[in-house]
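Participant: Sequence:
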Amino acid sequence: MSKAIRFHETGGADVLKLEHVEVGEPGPGQARVRHSLIAVNFIDIYFRTGRYPLALPNGLGSDAVGVVEAVGPGVTDIRAGDRVGYLLGPQGAYSQVRVMPADVLIPLPDGISDSTAATLMMKGMTAQYLFRQVYPLKGGETILYHAAAGGVGLIACQWARAMGVTMIGTVSTDEKAAVAKANGCAHTIVTSRENIAQRVREITDGKGVPVVYDSVGKDTLEASLDCLQPRGTLVSNGTSSGTVVVDSQVLAAKGSLWLTRPAMVHYIHPRPHMLSMADELFGHVLAGRIVSEPQQSFALADAAEAHRALEGRKTTGATVLVP
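Just so we're aligned, residue 67 is where the sequence shown starts under this note's numbering, counting upward by one.
Hints in this document: simulated from the structure, not taken from any laboratory. Keep in mind that a hint or two might mislead.
[Stated by the list, open to error] What follows is a set of in silico ranges between Cβ atoms, one per label pair, in the way DEER data are often shown:
hint, residue 1, residue 2, range
1, K83, S363, 16 to 26 Å
2, E241, R297, 48 to 58 Å
3, E85, Y112, 33 to 43 Å
4, G147, N261, 24 to 34 Å
5, S322, T76, 34 to 44 Å
6, L317, E359, 21 to 31 Å
7, E207, P94, 45 to 55 Å
8, R297, H335, 28 to 38 Å
9, G272, D80, 41 to 51 Å
[Said to hold, decoys possible] Straight-line distance between alpha carbons at most 25 Å, and here's what the computed DMTMM-like set of lysine to aspartate or glutamate pairs gives:
hint, residue 1, residue 2
10, K247, D176
11, K380, D368
12, K204, E260
13, K69, D148
14, K273, D292
15, K69, E85
16, K83, E377
17, K273, E207
18, K204, E268
19, K204, D148
20, K284, E377
21, K380, E260
22, K320, D271
23, K320, D292
24, K69, E371
25, K69, E268
26, K320, D285
27, K284, E260
Note that the Cβ used here is the ideal one computed from N, Cα and C, for glycine as well.
Make a model of the complete structure from these sequences and hints.
Facilitator: The structure is reproduced here in structure tokens:
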């Protein structure tokens, strides 16, 4: 038996319930993993609220680290006792133990602790695919990145600095601005009192930026478009404030702009590519260019409180659950 967070209906954080679930032996191609830490991501809220539909009842979460307890037939590159992390697979990471596909597990290097790894799976790999694949940065660019003090944002700040990229980052408070700057964000915009597009134009001497990475969505869409250079790219990698709807004529009128809505699942396969992405990320961490630790932790039973904190923008950096 394992304790796990499950939900039987969509809605607010109070739909999340701690239950006991059966955990069987791994079948062909599967592994049983005992979690040490579970990452909380904004996408979990999308599933909980029904924005991303799931068959119910269901578990929640797709991002955790732990130790392999057993593997099923046909699994050759993962063994019992291996430390692993993952960011793919079926929902259900909010649990003590689970059986899951072995081919989504990423072996963890000895030099990376479980606490660091718990901040890297979804969040670090998101920074990798945004900066290295969706709109590949070469170094020397000035970019706009929304939610720079979030879990992905703080890793992105450090990655940008390591690449020689000047990041302009939006944050909601002065306290978060200080944290983002300490992690490598060159310029911050406090959205509660500053105009985003005006500040970007000031910082760039009126040129704007070639790319905006926007995980906020509806509330920042217009400002994001107004910050772009002609033929610039808006990477809409999240919609925490609401769905983005864009008239293609607006893109033309504002400078023949490009808009992409990427999803991790289309940038991480096949398995060798996923492992190479992780290797690049781990390399930055092992070299000290990226330092990442959870900033908030909650007991597994308090997953609802973790969701309220994240939705209320009361968190900075990564949030984890302790099973």
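Participant: Could you see if the CB distance from L317 to E359 stays within 21 to 31 Å?
Facilitator: Given about 39 Å between the Cβ atoms, the range is violated.
Participant: Quick check on a hinted range of 48 to 58 Å for E241 and R297, using CB atoms only.
Facilitator: 36 Å, violated
Participant: Take the C-beta atom of S322 and the C-beta atom of T76, compute their distance, and say whether it sits inside 34 to 44 Å.
Facilitator: Between S322 and T76, where Cβ atoms are some 39 Å apart, the hint holds.
Participant: Hint check: K204 vs D148, CA-CA at most 25 Å. Holds or violated?
Facilitator: Outside the cut-off at roughly 35 Å; violated.
Participant: Does the Cβ distance between R297 and H335 fall inside 28 to 38 Å?
Facilitator: Given about 30 Å between the Cβ atoms, the range holds.
Participant: May I ask you to test the hint 33 to 43 Å on the CB atoms belonging to E85 and Y112?
Facilitator: Taking Cβ atoms as reference, E85 and Y112 lie about 21 Å apart, which means the hint is violated.
Participant: K69 and D148: Cα distance at most 25 Å?
Facilitator: The hint holds at about 22 Å.
Participant: Take the C-alpha atoms of K273 and E207, compute the straight-line distance between them, and say whether it is at most 25 Å.
Facilitator: Holds: K273 and E207 sit about 12 Å apart, inside 25 Å.
Participant: Straight-line Cα separation of K247 and D176 no greater than 25 Å?
Facilitator: Cα-Cα ~29 Å, so violated.
Participant: Taking the beta carbons of E207 and P94, is their distance inside 45 to 55 Å?
Facilitator: Taking Cβ atoms as reference, E207 and P94 lie about 46 Å apart, which means the hint holds.
Participant: K83 and E377: Cα distance at most 25 Å?
Facilitator: 18 Å, holds
Participant: Between K83 and S363, does the C-beta distance stay in 16 to 26 Å?
Facilitator: 20 Å, holds
Checked against the numbered hints given earlier, the structure breaks hints 2, 3, 4, 6, 10, 12, 19 and 25 and satisfies all the rest.
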